[in-house]
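My request is simple: use the sequences and hints to build the entire structure.
Protein chains: 2
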Amino acid sequence: MTDLRMFMDTYKAKLEERLFAAVQNEAIEPKLKEAMHYSLLAGGKRIRPLLLFATIDALRGDKNLGLHAASAVEMIHTYSLIHDDLPAMDDDDYRRGQLTSHKKFDEGTAILAGDALLTMAFSEIASDETINAEKRIKIVQRYAKNAGALGMVGGQQADLMGENRDLTLEELKSIHARKTGALLHASVYAGSVLGDATQEEQERLSVYAEQIGIAFQICDDILDVTGDTAKLGKETGSDEKKQKSTYPNLLTLEGAKKALNEHYALAIAALVDSGLKTDYLIGLADLIVKRDN
Amino acid sequence: MTDLRMFMDTYKAKLEERLFAAVQNEAIEPKLKEAMHYSLLAGGKRIRPLLLFATIDALRGDKNLGLHAASAVEMIHTYSLIHDDLPAMDDDDYRRGQLTSHKKFDEGTAILAGDALLTMAFSEIASDETINAEKRIKIVQRYAKNAGALGMVGGQQADLMGENRDLTLEELKSIHARKTGALLHASVYAGSVLGDATQEEQERLSVYAEQIGIAFQICDDILDVTGDTAKLGKETGSDEKKQKSTYPNLLTLEGAKKALNEHYALAIAALVDSGLKTDYLIGLADLIVKRDN
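Taken in sequence, the protein lines are chains Y and L.
Residue numbering for the first sequence is 48 to 340, as defined by this note's numbering.
Residue numbering for the second sequence is 48 to 340, as defined by this note's numbering.
Rather than coming from a laboratory, the hints here were simulated on the basis of the structure.
Model, not experiment: these values are computed from the prediction.
Keep in mind that the hints are not guaranteed to be accurate.
Where chains are identical, the list cannot tell them apart; a pair therefore holds if satisfied intra-copy or between any two copies.
Simulated crosslink set (DMTMM-like; lysine to aspartate or glutamate; CA at most 20 Å straight-line) [said to hold, decoys possible]:
hint, residue 1, residue 2
1, LYS80, GLU218
2, LYS324, ASP138
3, LYS192, GLU176
4, LYS337, GLU210
5, LYS289, GLU257
Below, the structure written as structure tokens:
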């Protein structure tokens, strides 16, 4: 087993143990708890938490300090998937090969499970007494900014409004920078705070995060054209069916693959000669551009 | 004009100015911004912010320190109204005499406007640099706890599941303690942190908040039976139509009025001989039990 694989398995397991514990409170309404648990423990690549842990590792910090912030970002990501899948939004029945929350439970419960996970994310960071209050506040602030109207939620709104019309490449980039990039960026930011990055280290990590974010989305769009339904756990061709603008249809499939490699290269370049311990960050970037799901 | 009325008008105006400013960011997607603004500035009694300011005043603190925490609690309250009104939840077309968010805009936008307001609430507290990080973290933590699965969201889930069946008085109390009480309580808590309450003061204020929360909900239930549609801005009799259990149908109308007065008296009793400057807190309690909307 490679060192990267060992790191991923170890911290994915720690994360999932923490996520599991976070929703076990006896006093949570049973159906709500079940819905929160269902989506939170539905598998998933855990890219955001792993980026956070890898960033702390790159700074030679204590990765265990990232557990609550990593759980929080995964709660935010999970809530966004539950809400995005709703009939009034992307109207998807399956996610990661299992029924979406509103199909498994009902729409009201799905909305509330999402609301509860988003709210719990902030409690998860704020109640982490192993981290000083200044750092917790920085992370709350960045998560809220990047997940909110200026970030992820705004990106989803723009995405909804962009369906059924042709977007320019600039519009597409702006949507994805907010919808996907912002939360990846927040994860790396949290890692850089918890690993005590210098200003220069933080700037390099920020470029890495930004470029990885773009590469991640281009890869998603490519997989929607070329991917395997079984591996993806959702139907391919769904972007085309919804007449969504994507990198492949704006740039051609070849052009999208070329752009993917360019952004990957920019992400890696930001880490060169940085003095950071970059093997996990580079390993995760490799996985992001080479994944088949 | 009484001193209480002057206090309310002044701090309502300051609050609304801050809420207005918070959603003016140029970079927010226009339709999302419009929906956030529409619900946030739709009037409303601003009870939670006023309780927060009144609590700081009771502690002889600087009320202006409460502006961000007050805005945040009103953002959380507003998001909860938007989501509660959705077709999958209470399915209401009107709120405060105007169309609900999903009727005015569309369901996707309403869900996202709610998500964005909830997220913005945490950014609002975290970015308030007039308050030290420890206090900000305490408020984030309490807001997240009381608004989440153990508090408001859990109460709404229990409320949804309680429709069309008879609840016991205990179940009804438990639902309202979470759905309405938790956020009122969080407001008073934030005021007590910002006003540097002693342990004893905090405990008294907590009893006040808890009793006011129950009184508030009993009053709501009574108004749904006896109130005036024009003053309420929503139809009366809606609880009966939805076959919701309420205080009047569990206790009779007379019994509910008696319970209202008892909880009011307990709230006031908690403040007696406390050394606190209690005129605004008592004034707000009076308004809560005597309101007609």
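Each hint, compared with the structure:
1. LYS80 <-> GLU218: Cα proximity of LYS80 and GLU218: across copies only (18 Å, versus 38 Å in one copy).
2. LYS324 <-> ASP138: neither (42 Å within a copy, 54 Å between copies)
3. LYS192 <-> GLU176: Intra 22 Å, inter 16 Å, cutoff 20 Å: inter-copy only.
4. LYS337 <-> GLU210: Answer is neither; intra-copy 28 Å and inter-copy 50 Å both fail.
5. LYS289 <-> GLU257: Result: close neither inside a copy nor across copies, 27 Å intra and 49 Å inter.
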